[in-house]
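Trainee: So the sequences go chain by chain: A and B.
Residue 1 is where the first sequence starts when you use our numbering, and the numbers rise one by one after that.
Residue 117 is where the second sequence starts when you use our numbering, and the numbers rise one by one after that.
Please keep in mind that the hints were generated in silico from the structure rather than gathered at the bench.
All residues carry an ideal CB built from backbone N, CA and C; glycine is no exception.
It is possible that some hints are incorrect.
With a cut-off of at most 35 Å between alpha-carbon atoms, the simulated DSBU-like pairs for lysine-lysine come out as follows [what the hints assert, rightly or not]: (1) B:189 - B:131; (2) B:173 - B:138; (3) B:181 - A:9; (4) B:189 - B:125; (5) B:125 - A:14; (6) B:189 - B:138; (7) B:181 - B:125; (8) B:125 - B:138; (9) B:138 - B:181; (10) B:125 - A:9; (11) B:189 - B:173; (12) B:131 - B:173; (13) B:181 - B:131; (14) A:14 - B:189; (15) A:9 - B:189.
Partial list, computed: chain A residues near chain B (C-beta under 8 Å) [stated by the list, open to error]: (16) 40; (17) 41; (18) 42.
Not close to chain B: a few residues of chain A, all C-beta gaps over 10 Å, as computed [unchecked claim]: (19) 62; (20) 86; (21) 105.
Listed below are the residues making up each chain.
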Amino acid sequence: NAGVTQTPKFQVLKTGQSMTLQCAQDMNHEYMSWYRQDPGMGLRLIHYSVGAGITDQGEVPNGYNVSRSTTEDFPLRLLSAAPSQTSVYFCASSPHRGTRDTGELFFGEGSRLTVL
Amino acid sequence: AQRVTQPEKLLSVFKGAPVELKCNYSYSGSPELFWYVQYSRQRLQLLLRHISRESIKGFTADLNKGETSFHLKKPFAQEEDSAMYYCALTGRGSTLGRLYFGRGTQLTVWP
C-alpha cells in the first residue's frame with residue numbers, strides 16, 4: 001500500500017513549456033485534490049475531484065488543467081508554464097467527499113517545480 | 117469570505133515549556149477546523165480535528181466561536197514537536213474541496 005504517489009519529485013521547466021504532474025493513490029479514495037505551497041502563503045487549492053469524471057476548481061485554478069478518468073489517477077497539467085507557477089505541489093486524497101466523516105486528507109510527498 | 121489566520125510564522129520554545137500556536141478564522145457558516153502537521157522530511161498529516169475533541173501527542177485545541185479561534189496547545193513541549201503546523205477550515209457539510217489552510221507556523225523546540 002503506497003498511499004499517494006507523486007511524480008516527478010523535481011522538475012525544471014522553461015517559460016512556455018507544458019508538463020503533467022502525476023498523482024496516483026491505491027487506497028480507492030473518492031476525493032483527490034491538488035494544492036500548491038508557496039513561502040508565506042500556506043497551501044492553496046488548485047483543483048479537486050469528488051470522483052471519477054468529476055472535477056472542480058479551487059482557489060487558484062488558472063493555468064492548470066485536471067482530469068479524473070479513473071479513481072486512482074488525478075494528473076495536473078500545466079498548459080504553458082510561467083515563473084509564477086514555481087512552487088511545491090501536493091496531491092492529497094480522502095476516502096470521503098465531505099467533512100461528515102473524518103475530513104482527513106492523505107498527502108503525497110510533493111513535487112518541486114521551477115519555471116525559468 | 118472564509119479566511120484562516122496564523123499570526124506567527126515562527127515560534128520557538130524550550131523543552132518542557134508550554135506552547136500555543138494561534139489560529140483565528142473568518143467564516144459565515146458553521147465551521148469545521150483541523151490542525152495539520154508536517155515534520156521534517158515527512159508528509160503533511162492530520163494532527164487533530166475540533167469535532168473529535170481529542171488529544172493527540174499531548175496537543176489539544178478548542179474551538180472558541182466567540183473569539184473565532186482554534187488555538188493549538190500543549191502544556192509541555194518536546195523536541196519532537198518541532199514541525200510546521202497548519203490550521204485548516206471548512207464548512208460543516210461542505211466538500212473537502214472547500215478546505216482552506218492558513219499560512220503555517222514553524223515551531224522549534226529547543227533542548
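Trainee: Is residue 138 (chain B) close enough to residue 181 (chain B), meaning Cα to Cα at most 35 Å?
Mentor: holds, 14 Å
Trainee: Would you mind confirming whether the straight-line C-alpha gap from residue 125 (chain B) to residue 9 (chain A) stays at or under 35 Å?
Mentor: holds, 26 Å
Trainee: For the pair we were handed, residue 189 (chain B) and residue 131 (chain B), check the Cα-Cα distance against 35 Å.
Mentor: Within the cut-off at roughly 14 Å; holds.
Trainee: Checking one constraint from the list: CA of residue 125 (chain B) to CA of residue 14 (chain A), max 35 Å. Satisfied?
Mentor: holds, 32 Å
Trainee: Is the straight-line distance between the alpha-carbon of residue 189 (chain B) and that of residue 125 (chain B) 35 Å or less?
Mentor: holds, 16 Å
Trainee: Checking one constraint from the list: CA of residue 181 (chain B) to CA of residue 131 (chain B), max 35 Å. Satisfied?
Mentor: Roughly 31 Å between the alpha carbons, so the hint for residue 181 (chain B) and residue 131 (chain B) holds.
Trainee: Are the Cα atoms of residue 189 (chain B) and residue 173 (chain B) separated by 35 Å or less?
Mentor: holds, 11 Å
Trainee: Does residue 125 (chain B) sit within 35 Å of residue 181 (chain B), going by the straight-line distance between their CA atoms?
Mentor: Cα-Cα ~23 Å, so holds.
Trainee: Min Cβ distance, residue 40 (chain A) to chain B: is it shorter than 8 Å?
Mentor: The hint holds - residue 40 (chain A) has a Cβ within 8 Å of chain B, the shortest such distance being about 6 Å.
Trainee: For the pair supplied as a hint, residue 189 (chain B) and residue 138 (chain B), confirm whether the alpha-carbon distance does not exceed 35 Å.
Mentor: Roughly 9 Å separates the two Cα atoms, so the pair holds.
Trainee: Is the hinted pair residue 9 (chain A) and residue 189 (chain B) satisfied, with a Cα-Cα distance of at most 35 Å?
Mentor: holds, 34 Å
Trainee: Checking one constraint from the list: CA of residue 125 (chain B) to CA of residue 138 (chain B), max 35 Å. Satisfied?
Mentor: Holds, at roughly 10 Å.
Going down the numbered hints, you'll see the structure goes against 3, 14 and 21, while the others check out.
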